[in-house]
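Same order as they appear, the protein sequences are chains A and B. Going by the numbering used here, the residue at position 46 of the first sequence is 46; the numbering climbs one at a time, nothing skipped. Going by the numbering used here, the residue at position 140 of the second sequence is 140; the numbering climbs one at a time, nothing skipped.
Any given hint could be a false lead.
Claimed, not checked - Listed below are the simulated BS3-like cross-link pairs for lysine-lysine, each with C-alpha atoms no more than 25 Å apart in a straight line:
{"no.": "1", "chain 1": "A", "residue 1": "LYS93", "chain 2": "A", "residue 2": "LYS80"}
{"no.": "2", "chain 1": "A", "residue 1": "LYS352", "chain 2": "A", "residue 2": "LYS295"}
{"no.": "3", "chain 1": "A", "residue 1": "LYS216", "chain 2": "A", "residue 2": "LYS165"}
{"no.": "4", "chain 1": "A", "residue 1": "LYS93", "chain 2": "A", "residue 2": "LYS117"}
{"no.": "5", "chain 1": "A", "residue 1": "LYS245", "chain 2": "B", "residue 2": "LYS120"}
{"no.": "6", "chain 1": "B", "residue 1": "LYS120", "chain 2": "A", "residue 2": "LYS216"}
To be verified - Derived contacts from chain A toward chain B, CB cut-off under 7 Å, selection only:
{"no.": "7", "residue": "ALA39"}
{"no.": "8", "residue": "ASN204"}
{"no.": "9", "residue": "ALA230"}
{"no.": "10", "residue": "ARG241"}
{"no.": "11", "residue": "GLY257"}
What the hints contain is simulated information worked out from the structure, not anything from laboratory work. Every residue gets a Cβ at the ideal spot worked out from N, C-alpha and C, and that includes glycine.
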Amino acid sequence: MRVRGLLAGVAAVMLAATPAAAQDTIKLGLVAAMSGQSAKSGEAIVRGLSVAIDEVNAKGGLLGKKVTLLVRDDESNPAKGVVAARELVQREKVAALFGGLDTPVSLAIVPFVNGAKVPFMGVWAAGTPITRNGAAENYVFRVSAVDELVDNALVGYSIAKYATKKPGMILINNPWGESNEKGLKAALAAKGIPYAGIEKFETNDVDVVPQLTRLKEAGTDVLYLVANVAPSSQVVKSLDRMGWKVPIVSHWGPAGGRFSELAGPSASRVHFIQTYSFSGKLSPKGEAVLAALKKKYPEIKTMADVTPAVGIANAYDALHLTALAIATAGTTDGPKVRQALYGIDSYEGLIKTYKRPFTPENHDALGEKDYIFTHFVEGEILPLTQ
Amino acid sequence: MSGLCLGSMYGLIALGFHMTYVVSNTVNFSQGSSVMLGAVLGYAFAVRLGWPLPLAFACALMACAAFGLLVERTLVRPFSSRGSNAWLMATVAGGIVLDNVVLFTFGKEPRSFPSVLALKPIEVFGAGVYPLQLVIPVVGIGLAAALAIVTRRTRRGKALLAVVQNTDAARLMGINVKRTIAVTYALSTALAGLAGLLIAPLFSVHSDMGTLFGIKAFAVAILGGITSASGVMLAGLIYGISEALVTALLGSSHTQIVMFSLVIAALALMPNGLFGRAPVKKV
Numbered sequence: 001m002r003v004r005g006l007l008a009g010v011a012a013v014m015l016a017a018t019p020a021a022a023q024d025t026i027k028l029g030l031v032a033a034m035s036g037q038s039a040k041s042g043e044a045i046v047r048g049l050s051v052a053i054d055e056v057n058a059k060g061g062l063l064g065k066k067v068t069l070l071v072r073d074d075e076s077n078p079a080k081g082v083v084a085a086r087e088l089v090q091r092e093k094v095a096a097l098f099g100g101l102d103t104p105v106s107l108a109i110v111p112f113v114n115g116a117k118v119p120f121m122g123v124w125a126a127g128t129p130i131t132r133n134g135a136a137e138n139y140v141f142r143v144s145a146v147d148e149l150v151d152n153a154l155v156g157y158s159i160a161k162y163a164t165k166k167p168g169m170i171l172i173n174n175p176w177g178e179s180n181e182k183g184l185k186a187a188l189a190a191k192g193i194p195y196a197g198i199e200k201f202e203t204n205d206v207d208v209v210p211q212l213t214r215l216k217e218a219g220t221d222v223l224y225l226v227a228n229v230a231p232s233s234q235v236v237k238s239l240d241r242m243g244w245k246v247p248i249v250s251h252w253g254p255a256g257g258r259f260s261e262l263a264g265p266s267a268s269r270v271h272f273i274q275t276y277s278f279s280g281k282l283s284p285k286g287e288a289v290l291a292a293l294k295k296k297y298p299e300i301k302t303m304a305d306v307t308p309a310v311g312i313a314n315a316y317d318a319l320h321l322t323a324l325a326i327a328t329a330g331t332t333d334g335p336k337v338r339q340a341l342y343g344i345d346s347y348e349g350l351i352k353t354y355k356r357p358f359t360p361e362n363h364d365a366l367g368e369k370d371y372i373f374t375h376f377v378e379g380e381i382l383p384l385t386q
Numbered sequence: 001m002s003g004l005c006l007g008s009m010y011g012l013i014a015l016g017f018h019m020t021y022v023v024s025n026t027v028n029f030s031q032g033s034s035v036m037l038g039a040v041l042g043y044a045f046a047v048r049l050g051w052p053l054p055l056a057f058a059c060a061l062m063a064c065a066a067f068g069l070l071v072e073r074t075l076v077r078p079f080s081s082r083g084s085n086a087w088l089m090a091t092v093a094g095g096i097v098l099d100n101v102v103l104f105t106f107g108k109e110p111r112s113f114p115s116v117l118a119l120k121p122i123e124v125f126g127a128g129v130y131p132l133q134l135v136i137p138v139v140g141i142g143l144a145a146a147l148a149i150v151t152r153r154t155r156r157g158k159a160l161l162a163v164v165q166n167t168d169a170a171r172l173m174g175i176n177v178k179r180t181i182a183v184t185y186a187l188s189t190a191l192a193g194l195a196g197l198l199i200a201p202l203f204s205v206h207s208d209m210g211t212l213f214g215i216k217a218f219a220v221a222i223l224g225g226i227t228s229a230s231g232v233m234l235a236g237l238i239y240g241i242s243e244a245l246v247t248a249l250l251g252s253s254h255t256q257i258v259m260f261s262l263v264i265a266a267l268a269l270m271p272n273g274l275f276g277r278a279p280v281k282k283v
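Okay, chain A solo, but in the shape it has when bound (with noise of 0.2 Å):
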């Protein structure tokens, strides 16, 4: 008898103990790139998120709980990102996931969070089918671009800067070039504007000469680019070697990792989006940013190391509109927090002041006004002016 109240005693401390520690903190989790290619924006996106936690620490965390970050390495893989959000969300139990750079991966995730109800917050792939998705219970948000208004905003500013009559695509083959493909025709057929052709290339490509080729003899007058950093840099030593010096209007693939170095002085060439830029004139809440940044990263030195500045500020607004929900909610609980986020009515953050930033039409914080277009210069990311 005592042995049996002895046991039932210790079950009963294990049962109580275990949620206990589990609830002591809310769990976030992010599931982007932090190996490969790419691995730079993962690192940003991290930062971003980890000086915006713990502003909200330092404020007594959420309902009382201190905030952590979970991170998984998706190696810009679409199955093992899957894996890794599933893991998050039913063994580590996160409140909210953040996403990664890479469209495919967030598009493979976007199904098992919408089923799961677990808010799911892009802070950077831009992909229009990520927040447009058509499920009739829409879990996943955006403080990013969109794919959609940045081909509206590429083709604007290449009218706008270089008066273009026949612009050219050059396009990575995979499902990010393939939804601006779509993007970019659509906002050429709205101004009205043929198009000189559409290439692809692959992400290996040693040489993209023949496709430019094809591009420059279809009489082509600007260039816009879509890839990463790597493909973007071919695209760019590709150029030098034809001698071609067509004004290049690209989205910001280039702006994930060690552009300048990998395509040389002829970087500065290529005009790109970006949402945000720590360089020049910053308002006070960018400047408490990068303090906080440069005493949380010592390694911190230069303008060119708070690159790529998007995932960053992406990251640390989306951390605070997504605490704001949790907090308004008063629960982690995924179908509250996600009806919190639509009454989110003014935020004041690092990229602007949000005014309700997400309707049940609307999951995108971010629009074309928000754009901005920037170029590398030795390794930093500049701000151009139109």
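Given the structure of chain A, go ahead and fit chain B onto it with the hints provided.
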């Protein structure tokens, strides 16, 4: 022009497939990783440690040769000596292991390998190319020719040919067959390493840069008829040039489909490859 350059790269790597196949009837499927190893070590020695280029290149090639010896000793010989074909999987696995070891030690990000030969393009027949793109075919074809001469004219080369013709007879004649095979492996991986060093400045250095090269080079080796050295080199050039032509004429989305279909068609029509000889069956 770019086709010629890439083609001779494929040829160089495919020569490695050819050499080990004719000598030992085995193929080292980690050739693609050897390409990467050459480039990564070249980068580490020349850029990170700042060694002079000739020294860095020599050390990188020696390390590649050592990797070849290791592959032969641990991944091929234990299986082929038992008459098993497991070396096939073992060398594939070896390549993957190497790729991942490099991923952990070298790092995650692609890096740039600067070269004075790839700074300013020069104009050849109206098309801009880096001087390096002219050097690569010269080195590739030169090495193929040198290999042909060495095997015909020197003692060691003749020993190699003897092993090719009849292993048992060669052994009876006092030729060290095991060592000959090991040397062939070392040479073949060094060739792949050289290909990696040559292509690095045109490309970027990262841990999975060799995979696609390895696959294409194997297709080239089969296409050329794996038994003929000059055939393999020629097939490399043909493959590289057709690849560039297909992209230029039909568009890039068709390149891989057309190229690999061509390889299949060529093999269906000429089962021993474009330049290979049918094996003679002795009764």
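Hints versus structure:
1. At most 25 Å may separate the alpha-carbon atoms for a hinted pair to count; A:LYS93 and A:LYS80 meet this at roughly 18 Å.
2. Simply put, A:LYS352 and A:LYS295 have alpha-carbon atoms about 23 Å apart, close enough for the 25 Å limit, and the pair holds.
3. Between A:LYS216 and A:LYS165, the direct Cα distance comes to roughly 14 Å. Compliance with the 25 Å bound is thereby established for this hinted pair.
4. For the hint pairing A:LYS93 with A:LYS117, the CA-to-CA distance comes to about 12 Å; that is within 25 Å, so the pair holds.
5. Under the criterion of a C-alpha separation no larger than 25 Å, the hint pairing A:LYS245 with B:LYS120 is consistent with the structure, at around 14 Å.
6. A threshold of 25 Å between alpha carbons decides the hint, and for B:LYS120 with A:LYS216 the separation of about 21 Å falls inside it, so the pair holds.
7. A hinted interface residue such as A:ALA39 counts as satisfied when its beta carbon comes closer than 7 Å to some beta carbon of chain B; here the least separation is about 4 Å, so the hint holds.
8. The beta carbon of A:ASN204 comes within 5 Å of a beta carbon in chain B, closer than 7 Å, and the hint placing it at the interface holds.
9. Because the beta carbon of A:ALA230 sits about 5 Å from the nearest beta carbon in chain B, less than 7 Å, this interface hint is met.
10. Annotation: A:ARG241 was flagged as interfacial toward chain B, and the flag holds, the nearest CB pair being 5 Å apart, inside 7 Å.
11. Because the beta carbon of A:GLY257 sits about 6 Å from the nearest beta carbon in chain B, less than 7 Å, this interface hint is met.
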